[in-house]
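Got chain A; can you put chain B on it based on the hints?
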Amino acid sequence: MNRQLSGFRAWMWQRVSAVYLALYIAYVLLRLVVSPPGDHDALVAWMGGLPMWLATAAFLVMLLLHAWVGVRDVVLDYLKPAPLRLLVLLAVQAFLLACGLWALAVLVKLL
Amino acid sequence: MQTSPRPVFLNLLQIRLPVAAVMSIAHRGAGVLLFLAIPLLIGLLSLALSGDAGFVRAALVVQQPLGKVVLFLLLWALAHHFLAGIRYLLLDAHLGVRAPYFRHSAWAVLGAAPVLALMLLWGLA
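So the protein lines, in turn, are chains A and B. Be aware that the first sequence starts at 3, since it is given in our numbering, and climbs by one per residue. Be aware that the second sequence starts at -13, since it is given in our numbering, and climbs by one per residue.
So that you can see chain B by itself, here it is in the shape it has in the complex:
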């Protein structure tokens, strides 16, 4: 890389990111979190399929407080990744690329994800 005399400003605490950038970073973070959670889900499915006792234990795991917190965080990550992914697919099709929609849809994803996660948590456990 060439060194140039241009000033570089990279103070992450002072840079104000556009909302779409915040949503995008969260999409990545959620993706990595979901990737790390794959063994948890396989383990839970394996337990639930192991027999009557295993099924009851798997149901208890997601109903105890700690299980509910973990489940909520994973559902939030999933909801965010899901909704942001749909937004990206629409952008690929050149839908919502223009000024107000681009920002509004990013806000909508950020706001709707935890609501969807809460609704799913309420429905599931």
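Here chain A stands alone, though its shape is the one from the complex:
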């Protein structure tokens, strides 16, 4: 995750992922407001359809990437002592990894 994801590449990926996240979130919120799934079966039918499933899996990857670059920037700006930085960055990575694995487990069960 960390490798090469710095400088211009990180800056560019932050924007690419931002556009994807914005489109996905706009679609999901619009759909939830306009025609919310009324029960469990309707929710599974919507989220489990292949296009939506793939879009959600891509959303998960983009979200973790976006969150990592963003939170790393914040940590590097405000935490100066090297050991503290390392500790917090490792905690952020562990947090994101755990979130990613959990979300993946939820998504896999939908298939």
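No lab work stands behind these hints: they were computed from the structure. Positions of the beta carbon are idealized from the N, C-alpha and C atoms, including for glycine. A few of these clues could be false.
Over the 12 Å line for every Cβ pair with chain B, so calculated as not near, a few chain A residues [what the hints assert, rightly or not]:
id, residue
1, Leu31
2, Arg87
3, Leu88
Not everything, but these chain B residues come out facing chain A in the computed CB check (under 7 Å) [unchecked claim]:
id, residue
4, Phe21
5, Ile24
6, Pro25
7, Ala34
8, Asp38
9, Phe41
10, Arg43
11, Ala45
12, Val47
13, His90
14, Gly109
15, Leu110
16, Ala111
Quick look at chain B alone, frame taken from chain A:
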């Protein structure tokens, strides 16, 4: 760092930040809040997908008063981060960089975010 005799004034309570700076700090704060909320959303989705009973419980979670307050705060953070992000993308494309627009768009983001959040809350829960 070199020590210099220049006076340093860093009283955060007295410095008057430009509106774009307030919006920018809120963009960061909202981002960190949304980052911390990721497990909440995965948990809610997991619950809603777990079965009929889970779906009903997930719907109840966002309809009870505390759930609504948390949902509103997260929607506000999301709306702010979303709108401020669009503003940054436009700035990257050199749109709205000049004097009045730069400030006006920052005010617009700060004002529109809670309104958008309220509309979404009303539509969702």
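Status of the hints after comparison with the structure:
1. For A:Leu31, the non-interface assignment is contradicted: its Cβ lies about 6 Å from the closest Cβ of chain B, within the 12 Å cut-off.
2. Residue-level check passed: A:Arg87 sits 16 Å from the nearest beta carbon of chain B, beyond 12 Å.
3. With a cut of 12 Å on Cβ distances, A:Leu88 stays outside the contact zone with chain B, its closest approach being about 19 Å.
4. With a cut of 7 Å, the hint placing B:Phe21 at the interface with chain A holds, because the nearest CB-to-CB distance is about 5 Å.
5. A cut of 7 Å between beta carbons decides the hint on B:Ile24: the least distance to chain A is about 5 Å, and the hint holds.
6. Taking 7 Å as the C-beta contact cut-off toward chain A, the hint placing B:Pro25 at the interface holds, the least distance being around 6 Å.
7. A cut of 7 Å between beta carbons decides the hint on B:Ala34: the least distance to chain A is about 6 Å, and the hint holds.
8. Below 7 Å, beta-carbon pairs count as interface contacts, and B:Asp38 has one with chain A at about 5 Å; its hint therefore holds.
9. A least Cβ separation of about 4 Å between B:Phe41 and chain A falls short of the 7 Å threshold, and the interface hint therefore holds.
10. At its closest, the beta carbon of B:Arg43 sits 11 Å from a beta carbon of chain A; the interface hint therefore is violated under the 7 Å criterion.
11. Using the Cβ-Cβ criterion of 7 Å, the hint placing B:Ala45 at the interface with chain A is not satisfied: the shortest such distance is roughly 9 Å.
12. About 14 Å separates the beta-carbon of B:Val47 from the nearest beta-carbon of chain A, more than 7 Å, and the hint is not met.
13. For B:His90, the interface hint is violated, the least distance from its beta-carbon to any beta-carbon of chain A being 22 Å, above 7 Å.
14. With a least beta-carbon distance of about 4 Å to chain A, the hint placing B:Gly109 at the interface is held under the 7 Å criterion.
15. Nearest Cβ of chain A to the Cβ of B:Leu110: about 6 Å, under the 7 Å cut. The hint holds.
16. For B:Ala111, the interface hint is violated, the least distance from its beta-carbon to any beta-carbon of chain A being 10 Å, above 7 Å.
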